[in-house]
Structures are given as structure tokens and as C-alpha cells.
Amino acid sequence: MKKAQIAFEQDKLDIAENTYISAIRLDQKNNEAYKGLIDVYLKQDQLKEAKETCQFLLQIHPDDDTAHVRMAEIADKMGDKHIAISSLKKAIEINDALAERHFLLSIHLQDEGEIKEALAAAVRTVDREPDNPRYLDNMIELAIMVGDKKLSERSYDQLRLVNPQNSKLESFKQKISAL
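Heads up, the sequence shown is in this note's numbering, so the first residue is 1 and it goes up one at a time.
These aren't lab readings, by the way, just hints derived from the structure by calculation. Please note that a few of the clues may not be correct.
[Unchecked claim] Heads up, simulated PhoX-like pairs for lysine-lysine below, C-alpha to C-alpha not over 20 Å straight-line: (1) Lys77 <-> Lys43; (2) Lys48 <-> Lys2; (3) Lys149 <-> Lys116.
Using the sequences plus the hints, can you model the full thing?
Written out as C-alpha cells, the structure is:
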């Protein structure tokens with residue numbers, strides 16, 4: 001596994017792939033070897049192979065939250081937003097502590113026009129990391145879209161405190177006052 005990781009980091013992807021496959025032959029339930037192999041396929045833009053490997057990994061380890069996140073990433077790259085969303089929801093169901101997962105879910109839901117659900121995910125994101133300007137920015141945008149003035153104002157004030165140099169503050173202020 002260490003040899004495969006080093007090869008991957010050095011961009012020796014053929015060696016990394018073969019080494020991960022060898023590790024899987026030795027231990028067919030080694031989820032880290034499968035994840036490494038998925039990463040190799042993703043780096044090579046071999047999405048079909050990445051998806052098949054991830055699907056197999058999820059069959060043997062259905063409660064591996066990071067495998068669900070990888071499936072979401074693969075599905076997104078393949079243009080399948082519905083699988084990306086359902087995979088992120090499953091990952092969050094298993095482990096909901098990570099803000100980035102909620103943020104990604106919010107972005108995907110927004111792309112699909114599910115603005116209220118996207119806002120709910122954005123709120124969960126900020127609950128986990130309240131001082132992250134990127135997360136606050138997303139929540140303000142969504143709160144404005146749904147017309148929630150109180151949440152918009154609260155989020156704006158929080159963003160202003162965390163990142164007073166944010167170039168969007170004036171624009172947000174104008175949009176919020178128009179609500």
C-alpha cells in the first residue's frame with residue numbers, strides 16, 4: 001500500500017494501479033486499496049473504471065462514507081447529478097460531521113434547482129464551520145434566492161465579521177435590502 005501511494009504521488013500511475021491491484025488480490029476486502037485504485041482511475045480520467053471499482057467497493061463496504069463521496073465525485077464528472085446527490089446524502093447519513101459534504105450537496109442541489117433543500121444543506125454546512133467565508137457566501141446567495149431576509153442579514157453580518165474585505169459584501173447588502 002505504501003509503495004502504491006508513493007507511486008501515485010510521483011505520478012507513476014501504471015505502477016500505482018498494478019500495486020493496488022496486487023494488494024486487492026491479497027486482500028479482496030481492502031477498502032483502502034480500492035480507494036487508491038479509484039484515485040488512480042480518476043487521475044487518468046478513466047471514469048468507467050473508477051465507477052465500476054467504486055460500485056464494487058460499496059457492495060463490500062456499504063457503510064464506507066468516503067466511498068460514497070468518491071461515487072458522488074465520479075457521478076458528477078460523468079454528468080449524473082442525481083447519483084452525485086444521492087451518494088452525498090448517503091455519505092452524510094453515515095457521517096454528517098463534515099461541513100464540506102453538506103456544502104457539496106448544497107451546490108449540487110442548487111444546480112438541480114432544488115433551492116430550498118440547497119439552503120437547508122447550506123445551513124448545516126455553516127452550523128459545522130461558522131467562520132468559513134465560502135460557506136457563508138453560499139448561504140447568503142441561497143437565502144436571498146428564497147427571500148429569507150432574516151437569514152440573509154444574519155449570514156451577511158457573520159460574513160462581514162469573518163471577511164470584512166469580501167468583494168461581494170456591497171452586492172449582498174443591496175440584494176438583501178431589496179428583499
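Which earlier hints can't be squared with this structure? 2
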